[in-house]
Amino acid sequence: MRTILRWTGVLLVVCFLWVAVGYSYLFKGVYATYLHGKTTSNIHDRTHFEQALLPASSHPQPWPEALQPNDWKPSADVQAALDSLETGALLIAWKDTLRYESYTSDVTPTSLTNSFSMGKSVVTLLTQMAIERGDIPSWDTKVKEYLPWIHGPGAKDLTLRHLSTMTATLDWDESYTNPLGVMARVYYNHSVEETMKTVEVGANPGVTYVYQSGATQLLGFCLESATGQTLPQLAGRDLWDPLGAEQDATWHMDGEGKALAYCCLNATARDFARLGKLILHQGSVNKKEIVDKEFIEMATQPFKAEEYGHSFWLGKTSNGTPFSYFRGHLGQWIVTIPSLQLVAVRVGHFHGPSRGAHPRALMKWLDQLVALP
Numbered sequence: 001m002r003t004i005l006r007w008t009g010v011l012l013v014v015c016f017l018w019v020a021v022g023y024s025y026l027f028k029g030v031y032a033t034y035l036h037g038k039t040t041s042n043i044h045d046r047t048h049f050e051q052a053l054l055p056a057s058s059h060p061q062p063w064p065e066a067l068q069p070n071d072w073k074p075s076a077d078v079q080a081a082l083d084s085l086e087t088g089a090l091l092i093a094w095k096d097t098l099r100y101e102s103y104t105s106d107v108t109p110t111s112l113t114n115s116f117s118m119g120k121s122v123v124t125l126l127t128q129m130a131i132e133r134g135d136i137p138s139w140d141t142k143v144k145e146y147l148p149w150i151h152g153p154g155a156k157d158l159t160l161r162h163l164s165t166m167t168a169t170l171d172w173d174e175s176y177t178n179p180l181g182v183m184a185r186v187y188y189n190h191s192v193e194e195t196m197k198t199v200e201v202g203a204n205p206g207v208t209y210v211y212q213s214g215a216t217q218l219l220g221f222c223l224e225s226a227t228g229q230t231l232p233q234l235a236g237r238d239l240w241d242p243l244g245a246e247q248d249a250t251w252h253m254d255g256e257g258k259a260l261a262y263c264c265l266n267a268t269a270r271d272f273a274r275l276g277k278l279i280l281h282q283g284s285v286n287k288k289e290i291v292d293k294e295f296i297e298m299a300t301q302p303f304k305a306e307e308y309g310h311s312f313w314l315g316k317t318s319n320g321t322p323f324s325y326f327r328g329h330l331g332q333w334i335v336t337i338p339s340l341q342l343v344a345v346r347v348g349h350f351h352g353p354s355r356g357a358h359p360r361a362l363m364k365w366l367d368q369l370v371a372l373p
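Residue numbering for the sequence shown follows the working numbering, beginning at 1 and increasing consecutively.
Treat each hint with caution, since some may be false.
For lysine-lysine, the following BS3-like pairs were computed, each having C-alpha atoms within a straight-line distance of at most 25 Å [what the hints assert, rightly or not]:
hint: 1; residue 1: K316; residue 2: K304
hint: 2; residue 1: K288; residue 2: K277
hint: 3; residue 1: K95; residue 2: K316
hint: 4; residue 1: K95; residue 2: K73
hint: 5; residue 1: K142; residue 2: K197
hint: 6; residue 1: K277; residue 2: K316
hint: 7; residue 1: K95; residue 2: K288
hint: 8; residue 1: K316; residue 2: K293
Rather than coming from a laboratory, the hints here were simulated on the basis of the structure.
Please model the entire structure based on the sequences and the hints provided.
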């Protein structure tokens with residue numbers, strides 16, 4: 001009994017110290033990961049967070065189907081690579097029609113899975129739409145106009161464009177496995193704003209590309225400040241409804257009702273594919289432009305890094321075919337190949353090794369798709 005009491009006392013002291021030094025978020029983090037057999041966040045973790053609703057479209061538009069699995073299925077080599085990464089859903093739309101669709105046991109056609117950083121591209125699209133409405137003057141608007149609390153040598157020079165292009169020079173460590181790092185804190189903490197207020201802006205923003213989730217979180221704060229609406233409200237009204245989404249989606253929120261802007265739109269694979277279709281059609285839905293075509297062209301061109309534009313990842317297949325994509329932690333992809341009129345979606349549990357700046361399994365899959373007759 002004394003031993004039990006002694007260890008109980010030790011545990012209480014440890015818990016008190018965690019809270020006292022600002023590590024109380026670890027309780028949530030440990031529960032949502034290690035106690036569920038994970039070492040990082042996962043595509044089904046929305047049950048551990050408050051959620052804001054993006055209602056299904058008031059005019060849902062089901063995908064036309066002409067499924068041809070034998071023509072579009074991955075080769076044995078590609079399938080083995082995808083299986084090794086525990087792919088949950090795979091979808092191909094060609095000429096605006098579904099041609100291939102497959103799911104595994106823990107992801108179904110109605111499963112809402114976490115976009116992770118694919119949400120960064122969504123935030124950039126919503127910011128552009130706010131600029132077009134006149135809610136925000138331009139991409140070169142200073143962040144301090146909306147967030148006067150940002151600090152550091154480059155704070156007064158930081159612009160919205162720097163946030164979208166990952167040239168913000170934040171004091172930030174993009175580690176997804178360090179439980180004591182800023183990524184874990186910003187993900188599991190009760191207040192994402194409290195965490196962001198501790199982050200310093202380094203000197204000379206706009207010069208060097210460094211991928212930092214905190215940049216998109218700041219962009220989301222600016223967007224909400226400029227419009228007076230929450231990120232999920234904007235996404236629901238400006239994207240989910242006009243895109244004709246068939247199913248409700250949700251967005252991760254912190255304990256204070258703030259959206260985790262750098263990640264965490266939860267949707268079905270089919271509805272994720274609508275975002276790719278929007279890019280394929282250069283900002284238009286049913287021939288109606290909802291995002292400026294010229295912006296889509298700019299956003300999908302390199303800025304300070306060959307592989308990154310305005311929150312879109314960019315690449316070329318082995319035969320030189322260009323593509324752009326929304327990309328998220330653990331290998332979430334929405335790929336657009338304009339020359340093929342093709343959108344490809346992958347949802348899964350692991351990212352796997354890379355080939356240059358891009359996941360090796362993705363490149364193998366795209367190499368097969370562009371070689372199809």
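Outcome of the hint check:
Of the pairs offered as hints, the one joining K316 and K304 holds, with about 17 Å between alpha carbons and a cut-off of 25 Å not exceeded. For the hint linking K288 to K277, the alpha-carbon distance of about 13 Å falls within 25 Å, and the restraint holds. Distance restraint check for K95 and K316: the Cα-Cα separation of roughly 20 Å lies within the 25 Å cut-off, and the hinted pair is therefore satisfied. With a C-alpha separation of about 17 Å, the suggested pairing of K95 with K73 holds against the 25 Å cut-off.
A hinted pair counts as satisfied when its Cα atoms are at most 25 Å apart, and K142 with K197 qualifies at roughly 17 Å. Restraint check for K277 and K316: satisfied, since their Cα atoms lie roughly 19 Å apart, inside the 25 Å limit. As the CA atoms of K95 and K288 are separated by approximately 17 Å, the hinted pair is consistent with the 25 Å bound. Distance restraint check for K316 and K293: the Cα-Cα separation of roughly 21 Å lies within the 25 Å cut-off, and the hinted pair is therefore satisfied.
Comparing the model with each earlier hint shows no violations; every hint is respected.
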